[in-house]
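Read off the chains here:
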Amino acid sequence: MKHRYISFALIAMLGLSSCDKFLDTKSDGQIVTLDEFIANDEDAKLVLNGAYDVMANVFDGDIQNMAELISSNADRPNSDDWRAVWSRETTFFNGTINGIYTDVYRIINRANLVMEYIDRQTETAELKQMRAEAHFLRGMAHFAVLKVYAQPWGYTANNSHAGIVIRDTPSSEPKGRSTVAECYSFIQGDLLFAYNNLPETNGIYATKHAAAATLAYTYYMQNNYERVVEYTTEIINSGLFSLAPEVDVFYALNDSQMVYNTPEGIFFAHSNADLSDARNDGFRNNYMPGTSPTAFSLSTEFLQFMQLNAVDKRYQNLVQNNANTGQVQSLRFGKSNQNNPFFSVPISRLTVMMLIRAEAYANLNSNLDVAIADINALRDRAFPDTPFHVADGTNGQELIDIIQEEFRKETFCEGYWIDVERRNGAAGDAVLIRDAPWNCPGMAIQFPNSEGTGADFVFNPEGGCN
Amino acid sequence: MKKFYALVALCVCGFWHLSVQAQTVKGTIKDAKGETLPGVFVKVVSTGKGTASGLDGTYSIDAPSGAQKIEFLLLGYLTKTMDVTLAAGETKVMDVVMEEDTKMTEEVVVVGYGVQRKRDVTGSIAKVDGKNLTRFPTPSFEAALQGQAAGVQVSQGSGLAGSGSLVRVRGVASISAGGDPLYVVDGIPITQDQFLRGNSGAMNTNPLAAINPNDIASVEILKDAAATGIYGSRGANGVILITTKRGTSQKGTTFDFNTRFGVGEAASRPNMMNTEQYLAVRQEAWENDGGTGYVWLPNLTSASSDAADREAAYKKALKTNTDWWDQTTGLGFKQAYSFGANHNNGKGTRLYAGVSYDENGSYLIGNSFTRTGLRLNLDQEITKKLKINFGGSYTNAVNNRVDAAWSGGVGEAMSTALPYYPVYNPDGTYYMWNGGFSNPVAYRNQRQWQYEEDRFLVNLGVVYSITPDLHFRSNIGTDLMRGFDYKFTPRGINMGQVDSYSEMGGNVVDNGTATFTLDYFKKVKENHSFTLLGGYEMQLAHTRGYFANYVNANGLLNNGDWLPFGLANGDAIPAFDDTQDVGLAGGAEGLQFGRRLKFFSVFSRVNYNYKNKYFAQAVARMDGSSKFGANNRTGFFPTVSAGWIMSEEKFLKGNKVISFMKLSSGVGFVGNSDIAQDAQYGNTAIGGIYDGVSSLFLSKLPNPDLKWERTSTFNAALETGLFKDRITFEVSVYRKYTKDALMDVAIPSSTGFTNQTVNAAEILNRGIELSITSNNISKPNFTWKTELNISRNYNELVSIGEYTPDAVSGGTNDSRVIVGRPIGSFYLMQWSHVDPETGLPVYLDKNGNETSDYDNFQRQYVGDGLPDVSGGITNTFIYKNWDLQIFATFSLGAKIFDSSGKRQLGVVTDWNMRTDLLDRWQQPGDSDTQFARLTLNETTYDLPSGFPWWNTSLFIYDADYLRMKNIAIGYTFKLKKESKISNLRVGANVTNLFTLTNYPGLDPEIVRDFENPADRNLSPNVTYLTPAQERSYNISVSLNF
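Just so you know, the sequences run in chain order A and B. Take the first sequence: its letter number 459 is residue 459 in my numbering, and every next letter is one higher. Take the second sequence: its letter number 958 is residue 958 in my numbering, and every next letter is one higher.
Just so you know, the hints here were simulated from the structure itself, not pulled from any lab data. Please read all numbers here as calculations on a predicted model, not as lab measurements. Idealized CB from N, CA, C, for every residue including glycine. Any given hint might turn out to be false.
[Unchecked claim] Stretch-level coverage of chain B by chain A, calculated; a stretch enters the list once three of its residues show a Cβ under 8 Å from a Cβ in chain A:
id, segment
1, 506 to 514
2, 846 to 858
3, 934 to 947
[As the list claims (entries may be wrong)] With beta-carbon atoms standing in for the labels, derived distance ranges:
id, chain 1, residue 1, chain 2, residue 2, range
4, B, Asp309, A, Ala377, 49 to 59 Å
5, A, Leu432, B, Ala685, 42 to 52 Å
6, A, Phe388, B, Asn755, 55 to 65 Å
[Unchecked claim] Beyond 12 Å from chain B on every Cβ pair, some chain A residues (computed):
id, residue
7, Asp53
8, Trp86
9, Asn98
10, Thr179
11, Ala181
12, Asn285
13, Leu364
14, Gln404
Just need the whole structure built from these sequences, with the hints factored in.
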């Protein structure tokens, strides 16, 4: 009997001893809990760099295209997923735009992971700057999503309409949408922190001015003109940025270099020719003319708008009515693959700062001379042979209209124009965007299906724009 | 049988007639039921002299005077010793009742870590004899379990050679974890992952196909917790125990040889349109959409072509009419041979050796599965106390592959291969479409594609009898699997692929299990006995995957399998646990990954037997698994059960109608953790390089709380034998409630991640099962036996926590997790009817209101793929030397989602259509048409522009069927006694002769290719260009000598 009991006991002991160690099959690169992910400051730097990396992938034109295709500027794209954006009838099964949405939130997730790591550390100057960069990336990423996935500021009187999901921790929990007012407040909080804690220069990474530029644009969307003036003026006066010499802002036709970082760029999705690393595919792959029709093209209405002044270099150099493909094509990102294939995409740039400051001054009815001077500077670039200046003394709506026309001519294909159309609609104008009201339901892109898998998530209503 | 023993004993012992003595003992010998027993050997212990009872059960024996012991012996009965005291010259009458030795006569079943008499078993176990697995050709052995056991639902795979079946034991109780039962071969849980190779070529590589059905002696299917509890965290979906053949218990050497030849064809063919029909339909759609002139035609013209070009193309197209089904299907040839040798030297050595070859060509041209197997099983008694047993098998399986379903081949024949496309251009080159990527004949003829698997299953067992009642057993076994898929596409096969390329995808799984047990039998007094079992088990598995892709290769990579990984042939395969990109020379890309599983258990089982009438069992198992999260390392799974043989009670004993009756019941907890080996871990990954600086990111979130699914089970069964067991039946009822069911949920994209595995769902299965075996006629020259099993299962997804139906989807199959509905529910827009005035579709929203809006938010439950009732019926007739077996399976209450129907019967696109579509609306007033007005434009049906995927319940059909699975006829030759041949049978059979069903598509029994285990659970009965099963005609010869 005795040996029997001993045997059973031995078996039991064998089973219970050092169980955890035996069962651990974790290999390199695997983690058990979230806080194992970033082990030290070096890891944190790599994760932050990863946030920049994804940022440069989606701001290479992808997220901008989403905004542009809703607008009046765009003609019918040739792929199904993008056509759904253009026709304002996106569904939650749209794989292409769902992928872009996910990528933008990957920026946010990585920024949050970095911040969460820093929260656990004694903050050094280096960590403090990393935190500020993380805030910047998180804020600008949220803002990019907000602009296309929600109806704009002013859609409701108190902006209590649904915005987007705010992610301020690296959590996997489902969350509902915050209101647009809450989203603006959160985004501006992030950008303000970044603005207050970032240096003036920081290589290819986020700076005080990058934060200021995005911040200024958020205020522009809110019609908060004082703030627009405040932040744009600081950038314009910094002396760090100058207008690109030609209307070909993204590339330099006469530059034999592969790389081009426009001098007016405040913050870039940065390409590196030495590493054959182009972060401009979203633009180049969709707009670059070739023998086949381009994926994206411009609307006939836009062509007619540009043809109103046939000597405008922005028309002459950057718009091509291609009889072979039957398309109005944009040359903003190069006439051929030979044109600076490794140009960096300026996510914020001086021209836009000048335009929104001008409009802010016009709306405030102050410093109109500065506004007009800024517009004239841009016109000097567009009309190098025959000066075409805004008449002194122009003011009020007439000046605003002029500024917005310049805005459209300067920024087409970059995803800015829809903002102006929506702002005007929210201000009370009867704006139709390719025959659809500025605030019809489908103007807000549909969220991915996964967004609603775990919470009482309110999707955007679909369609209703035809 | 017992009567037979008795007669033999009578003959043997009849000469023992002793001369008259002075003292005599006499009487009648009866069994427990009161029947007289002839041929009982009666012996006086003191003298050793004996006699036998006569045909009427009476005996008479002389014995010395004084106290004597008289012994009564009969095979099949417990030996009885009676005391008697005889005075000189006395004659005493002593009637005797002999008890059956149930140990000898009762069927024994394998129960996991041991065997039990079937009558003692308190859990629910179905046994299938190995012979039933080789009655007719199936793609893989598990398909032959179909219709064999109540509560075991088997849907056979498609017509692809080697394809797997869907096996569900008492419903499906899992969502994202594997819902298949655990397969154990001779005590070793084997590798059974259907997704080692994803669904490449629209087929899940089936690891069970390499198991040789000729090796199998029996299959036991453990169904309830009392039976599967001993498998703890792996028992919730049932356990299938496979026992291979062992050497005979009779001394001597015998051989058996079996062979089979056959041909297979498609059990049904699709009703695809011919050119004339397709062009007419297309023209009508064009005109409905406002087009004028001739319609444009894919691959010839476009919508913007001018009218003359369109007309010329149309007229040219009319001149070609290719039947692509005929181009891709034909007859598949089959041949199988198996040879077995059985040896017992009578001195403790038993041997079984078998060799087999099975070539199974499918009806898909170019597709076959060939399995070559060797087996050696040896049992050796070293000493009286020490025995060893060895089992070893090697199988080589070669699958000559072709594309199917969405991947091409016969799938293309039912989709993008339009009838006006010729096979060849006038110059003899292949006519290609889809940008040069499509033509199933071109691909089949030029591409080389083969999957080859080598598999070793080896186990070594030791039994040491410490005392006659205390045994130590060990069983150490391994399952080594090497499966490699080689595909070579030569240069110039099409316009789309300029360069040749050669791909290799390989999986190596080393899987080992060691089990150590002690079992102890203790009888306490006359009526109580206990069997105790305690054990320890450890399993280690290492799975590795290798993928390489060479551009500009010259052929298949199988001459240098390992070269892509920096190794020469014959080098040891490297061990690694993580995923690595492999830098390869020559423009090749490579990837390798490794995953480990560690698993240990302690378990115990106690059986109690009172008077061979009352039985109780308690089982407890504790499992630790590397799959479980750090916060849940071990799980505990207890079960208890009891049985009562009511027919042993006085009130039933001797009952002329009820010959056997047993009631059993059990409750307990079992688990399931069939998820990816590294599901609990978060993954850190190297990200992109930004401006020369590398980056790091988290590609997957960790879940340290991850654990097993926990299923509580109740089972009650009543087994009854009537009229001396001429009719037997078993009724079982069960309830399984699963908590913490694993869900690989799609988490909001705003988290920055896509998926996470969580324990979130609750699932109910409850059902009733009935099995009947009836010996309808038992005459010497004619017998007729009917075996019927039928099961009813109710399945309900009770909860998915806070998640919504879209949190888990069955791949592209539109099946979702819907609370209150079964797992396997289809989530689509509800179809209503065609508007007779406009010809446009009318849908129903969630509130049942008619609407013309196709709105994804209005998707709802429109049916499910789970049958309410399924089963099988076998009728066996034996007339003299002839035998006839008719085997049918049936399924009622399930729906089929014809996911390809939405393209074959929807918007007119570049897919060929089915002739069902001709029942369409054509003009105002057309009512009751099945299909809407034809259109080339998906927006006509309110589908989003560019998405002709018409996901409506229009393509949900009843899947009820009765299938004549097999009809077999055989003749067994009468052989002379002196013949060296002991048995010779020739037979013929036909499988899937016909199927009674209202389903208009190809085959109502569907197992398509799945994307992952969740898809496998959620999408039964979804077809997407899935090849129908085959109908085969076979002849066979069996020989024993």
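Cross-check of the supplied hints:
1. 506 to 514: violated (count 0)
2. 846 to 858: Since three or more residues must qualify, the claim that chain A covers the segment 846 to 858 of chain B holds, with 3 doing so at under 8 Å.
3. 934 to 947: holds (count 4)
4. B/Asp309 with A/Ala377: 49 to 59 Å: 54 Å Cβ-Cβ, so the 49 to 59 Å window holds.
5. A/Leu432 with B/Ala685: 42 to 52 Å: Since the Cβ atoms of A/Leu432 and B/Ala685 sit about 46 Å apart, the hinted range of 42 to 52 Å holds.
6. A/Phe388 with B/Asn755: 55 to 65 Å: holds (56 Å)
7. Asp53: With a cut-off of 12 Å, A/Asp53 comes too close to chain B, as the shortest Cβ separation is near 4 Å.
8. Trp86: With a cut-off of 12 Å, A/Trp86 comes too close to chain B, as the shortest Cβ separation is near 9 Å.
9. Asn98: violated (7 Å)
10. Thr179: Label holds. Min Cβ-Cβ 16 Å, cutoff 12 Å.
11. Ala181: At roughly 19 Å from the nearest Cβ of chain B, A/Ala181 sits farther out than 12 Å, so the non-interface label holds.
12. Asn285: holds (17 Å)
13. Leu364: Label holds. Min Cβ-Cβ 37 Å, cutoff 12 Å.
14. Gln404: At about 31 Å from chain B, A/Gln404 clears the 12 Å cut-off, so the statement holds.
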